[in-house]
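Novice: Each chain, letter by letter, is given below.
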Amino acid sequence: MTKIEIVTNVYEKLGFSKRECADIVDKFFEVIKETLANGENVKISGFGNFIVKQKKARRGRNPQTGDEIEIAKRKVLNYRLSQVLKDAINDK
Amino acid sequence: MNKIDIINKVAEEMKLNQKVAKMAVDTIVDTIKKAIVNSERVEIRGFGSFTLRNYKAYKGRNPKTGELVDVQPKKLPYFKVGKELKEMIWKD
Chain A
1 MTKIEIVTNV YEKLGFSKRE CADIVDKFFE VIKETLANGE NVKISGFGNF IVKQKKARRG
61 RNPQTGDEIE IAKRKVLNYR LSQVLKDAIN DK
Chain B
1 MNKIDIINKV AEEMKLNQKV AKMAVDTIVD TIKKAIVNSE RVEIRGFGSF TLRNYKAYKG
61 RNPKTGELVD VQPKKLPYFK VGKELKEMIW KD
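Top to bottom, those sequences are chains A and B. Using the numbering used here, you'd call the opening residue of the first sequence number 1 and step up by one each time. Using the numbering used here, you'd call the opening residue of the second sequence number 1 and step up by one each time.
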């Protein structure tokens, strides 16, 4: 499934033009992305949490050459599943 | 940031009333949830993708009591962060 199907569902629900619905869907993802880019977590009840984690710098190896390299400190995104969605998936 | 904050931000920036914005956001989240529950892969360009992964049964331990327990096979969604979002979070 891609964004097109999400836009179609929003279009059927709201009755706005397809263009407007596409803009709303884009805005939804943009708001989440900007929040996460600012290092803030996003919680969507019944769906899950998107958590920004700070990773420390560490020594690693290039798996191809075996050379030791420095892996810089960085931030990564983690998704934590909501219990409600977990139960829905596993038919509980 | 939680779902209500997202709704308010979408409403404000798209000049929609809050009720309409809530309908749109709920429709987006529900569409993604349904696809995941139906084992469908969801891909949002620039954001990321969700795929359902199967996990086999295994013997685990209750971390509180140390008791050996059987963990049933289960399905869990895996979120892979998109390139654009990954880079937005990464830097700084």
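No lab work stands behind these hints: they were computed from the structure. In this text the structure is predicted, and so the values were computed from the model without any measurement. Please note that a few of the clues may not be correct.
As a list, the in silico DMTMM-like pairs of lysine to aspartate or glutamate whose alpha-carbon atoms are at most 20 Å apart [said to hold, decoys possible]:
| id | chain 1 | residue 1 | chain 2 | residue 2 |
| --- | --- | --- | --- | --- |
| 1 | B | 34 | A | 20 |
| 2 | A | 33 | B | 67 |
| 3 | B | 34 | A | 34 |
| 4 | B | 15 | A | 30 |
Not everything, but these chain B residues come out facing chain A in the computed CB check (under 7 Å) [what the hints assert, rightly or not]:
| id | residue |
| --- | --- |
| 5 | 3 |
| 6 | 4 |
| 7 | 22 |
| 8 | 24 |
| 9 | 47 |
| 10 | 68 |
| 11 | 85 |
Quick reminder that beta carbons are idealized off the backbone N, C-alpha and C, glycines included.
Novice: Is the hinted pair residue 15 of chain B and residue 30 of chain A satisfied, with a Cα-Cα distance of at most 20 Å?
Specialist: holds, 16 Å
Novice: For a C-alpha distance cap of 20 Å, please report whether residue 33 of chain A and residue 67 of chain B respect it.
Specialist: Measuring from Cα to Cα gives roughly 42 Å; hence the hint is violated.
Novice: Is residue 34 of chain B within 20 Å of residue 20 of chain A, Cα to Cα?
Specialist: The hint is violated at about 23 Å.
Novice: Taking the closest Cβ pair, is residue 4 of chain B under 7 Å from chain A?
Specialist: Result: violated, 9 Å to nearest chain A Cβ.
Novice: Less than 7 Å between beta-carbons is the criterion; does residue 3 of chain B satisfy it with respect to chain A?
Specialist: With a closest approach of 5 Å, the residue 3 of chain B hint holds.
Novice: With a cut-off of 7 Å, does the beta carbon of residue 68 of chain B approach a beta carbon of chain A closely enough for the hint to hold?
Specialist: Hint on residue 68 of chain B: violated, closest Cβ of chain A at ~22 Å, above 7 Å.
Novice: Can residue 47 of chain B be said to touch chain A, with a Cβ gap under 7 Å?
Specialist: Holds, because the Cβ-Cβ distance from residue 47 of chain B to chain A comes to roughly 5 Å (cut-off 7 Å).
Novice: So if I understand the rule, the pair passes when the alpha-carbon distance is 20 Å or less; does residue 34 of chain B with residue 34 of chain A pass?
Specialist: violated, 25 Å
Novice: Less than 7 Å between beta-carbons is the criterion; does residue 85 of chain B satisfy it with respect to chain A?
Specialist: holds, 5 Å
Novice: Just to be careful: measuring from the Cβ of residue 22 of chain B to every Cβ in chain A, is the smallest value less than 7 Å?
Specialist: violated, 11 Å
Novice: Does residue 24 of chain B meet its interface restraint, that is, does its C-beta lie within less than 7 Å of any C-beta in chain A?
Specialist: Status holds, d = 5 Å.
Comparing the model with each earlier hint shows violations of hints 1, 2, 3, 6, 7 and 10; every other hint is respected.
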